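Note that the protein sequences, when read in sequence, are chains A and B. Going by my numbering, the first residue of the first sequence is number 1, and it counts up by one from there. Going by my numbering, the first residue of the second sequence is number 1, and it counts up by one from there.
Honestly, the hints are just simulated from the structure, not real lab data. Here the structure is a predicted model, which means the values were calculated and not measured. Backbone N, C-alpha and C fix where the C-beta goes; we use that ideal spot for every residue, glycine too. Just to be clear, a hint being listed does not mean it is correct.
[Said to hold, decoys possible] Calculated Cβ distances over 12 Å to all of chain B for the following chain A residues:
1) Arg12
2) Glu17
3) Ala25
4) Glu26
5) Gln28
6) Ser29
7) Asp30
8) Leu48
9) Arg64
[To be verified] Under the rule of at most 30 Å between Cα atoms (straight-line distance), these lysine-lysine pairs were calculated in the DSSO-like manner:
10) Lys256/B to Lys316/B
11) Lys35/A to Lys159/B
12) Lys72/A to Lys60/A
13) Lys159/B to Lys67/A
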Amino acid sequence: MVITVYGPGCARCHETERVVRNVLAELQSDADLQKVTDYQAMAAAGVLATPAVAIDGEIKLSGRIPKREEVKAWLT
Amino acid sequence: MVSVNRRPTPWRLAAGLAAAAVWVLAYRSLAGVARWVTYRLAGLEPGSRAASALEFFVYEAPKVLMLLVAVVFGVGIVRSFFTPDRTRRVLAGRRESAGNVLAALLGTVTPFCSCSAVPLFIGFVTTGVPLGVTFSFLISAPMVNEVAVVLLFGLLGWKVAALYMSTGLVIAIASGWTIGRLGLERFVEPWVFEVRAAAVDEADAPASWADRVRAGREAVVDIVGKVWPWVLGGIAVGAGIHGYVPEQFLAGIMGKGAWWSVPLAVAIGIPMYSNAAGIVPVVQALLGKGAALGTVLAFMMAVIALSLPEIVILRKVLRPTLIAVFVGVVGSGILIVGYLFNAIL
Numbered sequence: 001m002v003i004t005v006y007g008p009g010c011a012r013c014h015e016t017e018r019v020v021r022n023v024l025a026e027l028q029s030d031a032d033l034q035k036v037t038d039y040q041a042m043a044a045a046g047v048l049a050t051p052a053v054a055i056d057g058e059i060k061l062s063g064r065i066p067k068r069e070e071v072k073a074w075l076t
Numbered sequence: 001m002v003s004v005n006r007r008p009t010p011w012r013l014a015a016g017l018a019a020a021a022v023w024v025l026a027y028r029s030l031a032g033v034a035r036w037v038t039y040r041l042a043g044l045e046p047g048s049r050a051a052s053a054l055e056f057f058v059y060e061a062p063k064v065l066m067l068l069v070a071v072v073f074g075v076g077i078v079r080s081f082f083t084p085d086r087t088r089r090v091l092a093g094r095r096e097s098a099g100n101v102l103a104a105l106l107g108t109v110t111p112f113c114s115c116s117a118v119p120l121f122i123g124f125v126t127t128g129v130p131l132g133v134t135f136s137f138l139i140s141a142p143m144v145n146e147v148a149v150v151l152l153f154g155l156l157g158w159k160v161a162a163l164y165m166s167t168g169l170v171i172a173i174a175s176g177w178t179i180g181r182l183g184l185e186r187f188v189e190p191w192v193f194e195v196r197a198a199a200v201d202e203a204d205a206p207a208s209w210a211d212r213v214r215a216g217r218e219a220v221v222d223i224v225g226k227v228w229p230w231v232l233g234g235i236a237v238g239a240g241i242h243g244y245v246p247e248q249f250l251a252g253i254m255g256k257g258a259w260w261s262v263p264l265a266v267a268i269g270i271p272m273y274s275n276a277a278g279i280v281p282v283v284q285a286l287l288g289k290g291a292a293l294g295t296v297l298a299f300m301m302a303v304i305a306l307s308l309p310e311i312v313i314l315r316k317v318l319r320p321t322l323i324a325v326f327v328g329v330v331g332s333g334i335l336i337v338g339y340l341f342n343a344i345l
C-alpha cells in the first residue's frame, strides 16, 4: 500500500505528514509513505487544495489536516 | 468516514439552541461589563484618555471574537457544501462574463488558503476554466472572506461591511474579466499547460448534518485559533489610537481633501501583509480620527487582496508580465473604489 502526502511545505502539510507517520507507527503498518512537494506532480494527481492525502493513488482528503481516526480507517 | 445521512437529533438541536441563547445573552451584556471593568474595577476617571482606551478594548475585543466564533461556525457549515473540486466542475468551460461573476461568488464560499493557490490555479486552467475566470476566483477568495466581513460589521456597522463585500466582488469580476480580455495565456509558465491534470472525483465531502456541524467546529478552532492574536493586537492598537490620538488628527493627510492619499494608501498596502483581523481595528480607529472612508477601504483592500507572499507564490506559475498586469489591474480597481467612496460619501 502506498500513502502519499501532497504539500508544498507549509505548516499544515508538515502536520499532516506527522499525523500519518504516527498512525503508521502505531499500527506497525508497512505501507510506503511518500511526500510530494512538486506542483506539477500535485496537479497531475488532481490535487486542488493542500495538504492532501492519497492511498494507492486515490485522493482521500484535501485542504485540511486529517484526524488520526480517519487515517486509521483508510489504512485498515 | 462513516456518514449516515440524517437530520440533527432533537437532543443535539436543543444543545445548539441553548448555546445560541447563552451567546446572545453574553453578547448583550458586553457593554455593561466593559463599563464595570473600566470605571469600577480599574477605577478610571470617566472621560479620561486611559478610560476611553480601556473601555474600547474591553468592549470591542470580546465582541469581535464572539461575532467571529458565530460567523466562522456558520460559514464552516456552508463551506462543507462546497469543495474546490466542485467549484472547478461548475466553472469548467464557462464563458467569460457569466463565468467571472460565478467565479467571484464561489470564491467567497469555497474553502481556500493562499498556500493552495498554485495547485488550484493549475487544476483550474488545465481543465477548461478560462484564465480570466480563474483570476476572478483567486481575487475574490482571499479578499471577500468571513473574517473581513465580520470585523467590518462588528466595528463599523453593516453598511460598510456590505459596501466592502459588494465592491470586493465587483473588483474580482471586473479584474478577472479584463485579464481574460487581454489574452495573456502566453504569460503563464508553459509547463502549466503540459500538466495532464487528472479530473478526479474526490472522495465525497461530509454528507450528514453531524459531519457538517463538526466541519463548522473545526473551522472555528482553525480560523479563530489562528486570528485571535491579530484581533487582540489590532484592537489594542486601535484602542491606543482611539484614546490618545487627537480628533481630526488625520483629516489633513488621510481626509477627502488629500487627492494623493488614495494612491499612497494603495501603494503602501500592496507589499504589506496582514489579515483582515489585524487591519480592520486599525482602520476603524483611523476613521474615527478624520481619515476618509474611501482611502481607508482602499488601504484595507490593498493589504488583503494583494500581498508580497502571494505574489511570490504565484510567480511559480505566472511570468512577471502577467504578475504585473494582475497587480496593476486589481490595484487600479481598488484605486477607483477609493476615489468613488471619497466622492459620494
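Results for each hint:
no.	hint	result
1	Arg12	7 Å, violated
2	Glu17	15 Å, holds
3	Ala25	22 Å, holds
4	Glu26	19 Å, holds
5	Gln28	23 Å, holds
6	Ser29	19 Å, holds
7	Asp30	24 Å, holds
8	Leu48	4 Å, violated
9	Arg64	7 Å, violated
10	Lys256/B to Lys316/B	39 Å, violated
11	Lys35/A to Lys159/B	47 Å, violated
12	Lys72/A to Lys60/A	12 Å, holds
13	Lys159/B to Lys67/A	40 Å, violated
Hint compliance for this structure: hints 1, 8, 9, 10, 11, 13 are not met, and every other hint is.
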